[in-house]
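*Asks:* Heads up: the sequence shown begins at 8 in my numbering, then just goes up one per residue.
Hints listed in this document are in silico derivations from the structure and should not be mistaken for laboratory results.
Remember, it's a predicted structure, so these values are computed and weren't measured experimentally.
Any given hint could be a false lead.
Stated by the list, open to error - Calculated lysine-lysine pairs in the DSS-like style (CA-CA distance at most 30 Å, straight line):
#, residue 1, residue 2
1, K73, K60
2, K57, K68
3, K45, K60
4, K28, K57
5, K57, K45
6, K19, K58
7, K19, K60
8, K58, K73
9, K60, K28
10, K45, K19
11, K73, K57
12, K19, K57
13, K45, K58
14, K73, K28
15, K73, K45
16, K68, K28
17, K45, K28
Stated by the list, open to error - Pairwise CB distance ranges, derived in the manner of DEER restraints:
#, residue 1, residue 2, range
18, H21, I43, 13 to 23 Å
19, L33, K68, 16 to 26 Å
20, I71, D17, 14 to 24 Å
21, D17, S69, 15 to 25 Å
22, I72, I20, 16 to 26 Å
23, N30, S54, 35 to 45 Å
24, L66, F24, 28 to 38 Å
25, D36, V62, 36 to 46 Å
26, I72, K19, 34 to 44 Å
Note that CB positions come from ideal geometry on N, CA and C, so glycine has one too.
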Amino acid sequence: MSSKNNDSADLKIHTGFRLSKNNYELLEDLENDLGITKTSVVNMILSLIKKDKSVLINLIKSAIIK
Numbered sequence: 008m009s010s011k012n013n014d015s016a017d018l019k020i021h022t023g024f025r026l027s028k029n030n031y032e033l034l035e036d037l038e039n040d041l042g043i044t045k046t047s048v049v050n051m052i053l054s055l056i057k058k059d060k061s062v063l064i065n066l067i068k069s070a071i072i073k
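Put together the whole structure using the sequences plus the hints.
*Replies:* This is the structure we're talking about:
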């Protein structure tokens, strides 16, 4: 493999995970609101969490408390 094309940031992995109907509808809403694809929405959310994992931890704690 050529090192010129070996950029891990561009590597895409196909995933076939399942979502609940409510989460899928939320993903569709975010897709429409943001004007980006569902895949881009998921990538954006994961990128935000990766930068600051406390965001995810706080969301989980908030959901548990309610």
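*Asks:* Against this structure, judge whether each hint is valid.
*Replies:* Right, here's what the structure says about each hint:
no.: 1; hint: K73 <-> K60; in the structure: holds (21 Å)
no.: 2; hint: K57 <-> K68; in the structure: holds (17 Å)
no.: 3; hint: K45 <-> K60; in the structure: holds (22 Å)
no.: 4; hint: K28 <-> K57; in the structure: holds (25 Å)
no.: 5; hint: K57 <-> K45; in the structure: holds (18 Å)
no.: 6; hint: K19 <-> K58; in the structure: holds (19 Å)
no.: 7; hint: K19 <-> K60; in the structure: holds (22 Å)
no.: 8; hint: K58 <-> K73; in the structure: holds (26 Å)
no.: 9; hint: K60 <-> K28; in the structure: holds (26 Å)
no.: 10; hint: K45 <-> K19; in the structure: holds (15 Å)
no.: 11; hint: K73 <-> K57; in the structure: holds (25 Å)
no.: 12; hint: K19 <-> K57; in the structure: holds (17 Å)
no.: 13; hint: K45 <-> K58; in the structure: holds (20 Å)
no.: 14; hint: K73 <-> K28; in the structure: holds (21 Å)
no.: 15; hint: K73 <-> K45; in the structure: holds (28 Å)
no.: 16; hint: K68 <-> K28; in the structure: holds (23 Å)
no.: 17; hint: K45 <-> K28; in the structure: holds (14 Å)
no.: 18; hint: H21 <-> I43: 13 to 23 Å; in the structure: holds (19 Å)
no.: 19; hint: L33 <-> K68: 16 to 26 Å; in the structure: holds (20 Å)
no.: 20; hint: I71 <-> D17: 14 to 24 Å; in the structure: violated (37 Å)
no.: 21; hint: D17 <-> S69: 15 to 25 Å; in the structure: violated (34 Å)
no.: 22; hint: I72 <-> I20: 16 to 26 Å; in the structure: violated (34 Å)
no.: 23; hint: N30 <-> S54: 35 to 45 Å; in the structure: violated (18 Å)
no.: 24; hint: L66 <-> F24: 28 to 38 Å; in the structure: violated (19 Å)
no.: 25; hint: D36 <-> V62: 36 to 46 Å; in the structure: violated (20 Å)
no.: 26; hint: I72 <-> K19: 34 to 44 Å; in the structure: holds (36 Å)
Going through the hint list in order, the structure does not satisfy hints 20, 21, 22, 23, 24, 25.
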